[in-house]
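Just need the whole structure built from these sequences, with the hints factored in.
These are the residues of each chain, in order.
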Amino acid sequence: MFALPTAVMHASNPSGPELRLTLKSQLADLTLVWSWVEALAAHHSLSAETQFAIQLCLQEALSNVIRHGYSGQADQPITVECASTSRGEIIFVVEDHAPPFDPLAHPHAGQAPAPASIAELEPGGQGIRLMRGFAHRAAYQRLPNGNRLTLAFTLPH
Amino acid sequence: MQISTDEMPGGITRVALDGRMDIAGAAVVDLKMNLIAGSAKKLLIDLQKVDFLGSMGLRSIVLPARAVNSRGGKVVLFAPNAMVESVLKTSGIDSLLPIHRDLDAAVAALA
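Respectively, the protein sequence lines represent chains L and H.
Letter 42 of the first sequence, counting from 1, is numbered 42 in our numbering, and no numbers are missing.
With the second sequence counted from 1, adding 1000 to any position gets you our numbering.
Don't read these hints as lab results, they were simulated from the structure.
Please note that the accuracy of each hint is not assured.
As the list claims (entries may be wrong) - Covered by chain H, per the in silico footprint, the following chain L stretches (three or more residues, Cβ under 8 Å):
(1) 38–52
(2) 55–65
(3) 69–77
Every residue, glycine too, gets a C-beta built ideally from N, C-alpha and C.
See the structure below:
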């Protein structure tokens, strides 16, 4: 578990892209994430690999919130905040108002052994494994009225 | 997201995917992938032009591959870029569906 350093959080950033993205809980809104992350990646001169990892983790995290956290209920709020830290990381904080849902505690959170055959492979169970694999750190926090998932990625030196 | 198919010598069906295999991309290709999987015996899934692969995109590969395998057929993945390959490896799918970078090797694996 690690806390978001509030000193580096800004709701807006006059010299670069917006640091906060607000979505509704519908899969169509996931398209908004692409261009937002592209703008942030350009601003921070992120490598293609880091940008890919961020896109992947956010797509998985947000689709989890939409499909499982809100159980497909549309028009519920989700926010994503971006901040860079003095530890040389870029972090993304996903918050929702859904019932308690800790994706990192899910059986597919990366600890489960890889399937032995394609017949055993659970096709829907890969998102959390991918988040675990592509984020440098991931932490969950239950909020009084929602959930917070923090994903950290190391910036190139 | 685009999907195209062609028949190669040796009864191989080559499915070329092009674009972003996210939730939206997966929705575009799912029906056609399932139709192809319903008849193909040797399936080469060409990932050269796939620039993103998420869990729903994986599903769009795994379910048709499972269908082909269950009928005694074979499936190989061809030429994913480095990041797409890392998704395949992180998910463990690379140990179930062989990945080839060389077309001749991919074809040989389907023989």
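Results of checking the hints against the structure:
With 3 residues carrying a beta carbon less than 8 Å from a beta carbon of chain H, the region 38–52 of chain L meets the three-residue requirement, and the given coverage holds. Only residues whose C-beta sits within less than 8 Å of a C-beta in chain H count toward coverage, and the region 55–65 of chain L has 5 of them, enough to reach three; the restraint holds. As drawn, the region 69–77 of chain L meets chain H at 0 residues by the rule of a beta-carbon pair under 8 Å; below three, the given contact is violated.
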